[in-house]
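K.L.:
Below, each chain spelled out in residue letters.
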Amino acid sequence: MGYYLGEYDVAVIGAGHAGCEAALAAARLGAKTALFTISLDGIANMPCNPSIGGTAKGHIVKEIDALGGEMGRVADATFLQSRMLNLGKGPAVHSLRVQADRTAYHARMKRVLEGQSGLEIKQGEVVDIRLNETGAVSEIETALGAVYKVRAAILASGTYLNGKIHVGEASYTAGPDGSIAATGLPGNLARIGVELRRFKTGTPARVHRRSIDFSKLERQEGDEDIIPFSADTEGELRNKVACYIAYTNEQTHKVILDNLHRSPLYSGRIEGIGPRYCPSIEDKIVRFSDKPRHQLFIEPMGLDTDEMYLQGMSSSLPEDVQLAFLRTIKGLERVEIMRNAYAIEYDCCDPTQLLPTLEFKKIPGLYGAGQFNGTSGYEEAAGQGLVAGINAARKLAGKEPVILDRASSYIGTLIDDLVTKGCMDPYRMMTSRSEYRLLLRQDNADERLTPLGYKIGLIGKGRMEKLQQKLDGTEEELRRLEKVVLPPSEALNNLLVSRETSPVTTGVRAIDLLKRPQIGYGDLAAFDPERPEVPREVAEQVEIRLKYEGYIRRQLQQVEQMRKLETRRLPGQGFDYHTVTGLRLEAVEKLNKIHPLNIGQASRISGVSPADVTVLTIWLEGERRGRHE
Amino acid sequence: MICSDTIAAISTPNAVGGISMIRISGPDAADVAGRVFRPVSGKPLNLYKGYTGAYGTVFDEEGEIDNAVAFVYRAPKSYTGEEVVELSCHGGIIVTRRLLRAILSAGARLAEAGEFTKRAYLNGKMTLTQAESVLDIINSQSEQAARCAMTALEGALYRKISKIRDRLVAETSHITAWIDFPEEDVDAVKLSFLRNELIEIKEELKELIRTFDVGRIVHMGVNTAIVGKPNVGKSTLMNLLAGCEKSIVTDTAGTTRDIVEETVNLGDVVLRLADTAGIRKTSNAVELAGIDRAKKRIGEADLVLLVLDASEELESEDVELMRVVRTKPTVVVMNKSDLGLKIDKEYIERDFKHSVVISAKEDDSVAALNKAVSNLMNLTSLDTNQPILANERQRACAGAALNQLDAALDALSFGMTLDAVNISIEDAIESLLQLTGESVSDVVVDEVFSRFCVGK
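Protein chains in written order, with this note's numbering: chain A, 1 to 629; chain B, 630 to 1085.
Bound-form chain A, shown alone:
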């Protein structure tokens, strides 16, 4: 029925934040790649919050950049306001967040894709993925009937798959931001053995700038010193806009409570599971009824528009109720809604069907990334897209897979959580999800991942040299500081006392003073006349290394323990754990479902006890001896 239209190594289905990174990585690694999207105008769209980064998410963007991905560069080039969050709570949780210009971000990313050799961008809805006689991906077909031969396909369908929008009593089939939904593909995915399920998310209203009384709102400015996401970004960076803060009140809550029966969530029309961290305003009011007010941020959507985003006010109540409750808020009394808030339900997969490379265990050549894997957030999506793109290209080139372990990155932690434990609601990254978080800082993402990016070919020589300079500079300055002894002086003791730390009576080593949390590297400049000019990032590394030395050492030991277990490989798909004597039944079932790659991953599966891990270790040793004796 269809017609043959060409051949690609990798087809990426969906051009959101996961799809863009996947397509760029695959093409840059030499795979002939096609990126399919229902609309070219939806490339790298931000259908929800116009912002990149935030806690843990900012770390992920830094990691994407360190590995050779695109998100950080585009965010740096198009941001409207930048802030480093959590200053004062410790370097491990410093997180960069920018307000993004939605259309500029989209346009910039589209240009990057267009300029990428080896990558073709195609507007078209993919409706079928077909397998060859060995069960591997071999063809895709679009809604128009075009058939392409492909060797791998990456599913990055976001909220498009069987998307259904709910606004109060009304609901209709659609993708995000009023686009069309992908309705052809889900049935065919189920046919090739992909298990789908239904998740839900929501977004608040966008309102017209002129209808807001800013004089009644708190203003929030960006940082003075702006740190970029990308190591490639140079030159002066500046904030272009301010954001605003408003609050709901008793009247707002009353309007919402009076109309709760008109919400599709409370009437049971929505079946999808919503994210816990992104509750709708009606959810917040019902669940936290003792809170007299809730905070909302009013953020510009871009420089080319008067649309303003109302962060914190996601809702699926009817349009008239939305207008009524928004108008109870101080500063929004005359507000005009341009796009109303909505909830969207969509199909996604259970990620325990995936390997840590994001390839489906049972369907060679098929990969999943982003919201399709059950996550939420542009950054989480982009990180997975990058990993899927890298692995698809490497597999076709006959190279070893790239698996990021939990100690390497938040991206690795995210993927390990997804494929090992699965997720019951849309998964958002949080710093608390990483047990190695004192090692996984945003300031050392380059140190952790750039050598790998260079090795696989996504990072150029220049970036490697830049990293080497930072590392050498840090070592050199640490070595120098070790020999610096500061004599006691009135000035030094004045500084120490003013910081509420004890004065010194004898000479003191600079590194001992820098270990005190109260004293920063910059503070000692006046007492350290030999000090050379060091770049900001070197000073930062020196300080963190000294202050957190004990913690870093301990976490590194834990990492070593963990990595030992990760080297003990377990059998792959097709192996039946019933044949291992001594495992409890629950463990057998879990192991047969997940098929962990190694003992380390097995030990993280809920339902596999330490005794089961012991049994597996012994069994593995028996197998090894059996093979060699």
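Calculated directly from the structure, the hints in this document are not laboratory data.
Take the hints with a grain of salt, since some may be wrong.
[Unchecked claim] Among the chain B residues that face chain A by a calculated CB cut under 8 Å, a handful are: (1) Ala749; (2) Leu751; (3) Thr1046; (4) Leu1047; (5) Ile1052.
[What the hints assert, rightly or not] With a straight-line Cα cutoff of 25 Å, these simulated BS3-like cross-link-like pairs (lysine-lysine) come out: (6) A:Lys515 to B:Lys819; (7) A:Lys515 to A:Lys483; (8) B:Lys957 to B:Lys925; (9) A:Lys32 to A:Lys110; (10) A:Lys291 to A:Lys149; (11) B:Lys754 to A:Lys564; (12) A:Lys149 to A:Lys361; (13) A:Lys291 to A:Lys216; (14) B:Lys819 to A:Lys291.
Note that beta-carbon positions come from the ideal geometry of N, C-alpha and C, so glycine has one too.
We have chain A already, so just place chain B on it with the hints.
P.N.:
Below, chain B without anything else, positioned relative to chain A:
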């Protein structure tokens, strides 16, 4: 060598009477043992050659515990193939447990079920053909351990530990919400408040560890339940074994309403006996409560003595009971043989390998019962060490949590940032969560979303 840490556990199965032995295995075995054992010779243990022993005393912070013998094995010539020291002291639960604790605070970790055997295997001390049986041992040990752990989880101690854990989770989830949602209106974490909370929690934990033993002395032995429908002679049997009147014995069915506990020696084995209310359909509320407890008791027991009336035919209640206890190591006691034998003996013997016909009123019944119980015990590997371990494990976890709380408080006083302080608090929670196998991250994330109104 594959394992880098040093483990210890009580290695004598029946810890009452005679000699108790604690095995320490791992690279630091001699050092650890040296911290709790003072040889008469004055020569440090790590200078002893393999297969040599030393006589001396064992001690802890509070002073001398007992006289003891240390036997030293050098790797790879030991049971596990690692450095091993075995400390033997005079039996007695209190002494042995005190020594085990001293060893754990001296740097050893409490061994998991089957861990010595696992190490022996991984270090090539066993052949491939032994592998299967090793797996079976671990399996049965871990099942027993799990059952004991479940029992322990119902205990007062565990309830106290969970209360402490919940307080810590509340603190850490507040820190987490504040860190992960900096733009939401989560109250700022006040350091002075956090410090006070942690100090209070630490004192609670210390008090808990201090009083760990005082309240209750655990009778060691095989946890045994005597069950049967009312008036078949359970209490008479109990009194016979205990050698004195413990239960109220009358001719009215349903007289025993409380579980009466007693520790008795039956030949080589020590039984921890509980006489339970007879199981039968009843509407009497007091009796119902007793029956519920009895069923629970069967679940927790290592050994069941099912008492039937030999002078009557089997009733549906007997058959129901036989069904309930079938998966348990059971000895069927057909009592009242002095009143004639009407029971279908063959029917019972088909389902139960171990049965005995006695008259509990006769003294020679003890010998017959002894034989049946001993037969069963030899065939079933009952590891009576497990209840101790379940309790010691809780104590070890509480001790580790205490150390981590100290680290958190030190970091706070030093002025470290909250990201670092929070790591130590989470480590403390992780130690306490080891009892249930939950993950810290999941518990904290759940708590953040249930307690704080966060999210865009």
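K.L.:
Checked against the structure, which of the hints given earlier come out wrong?
P.N.:
1 and 10
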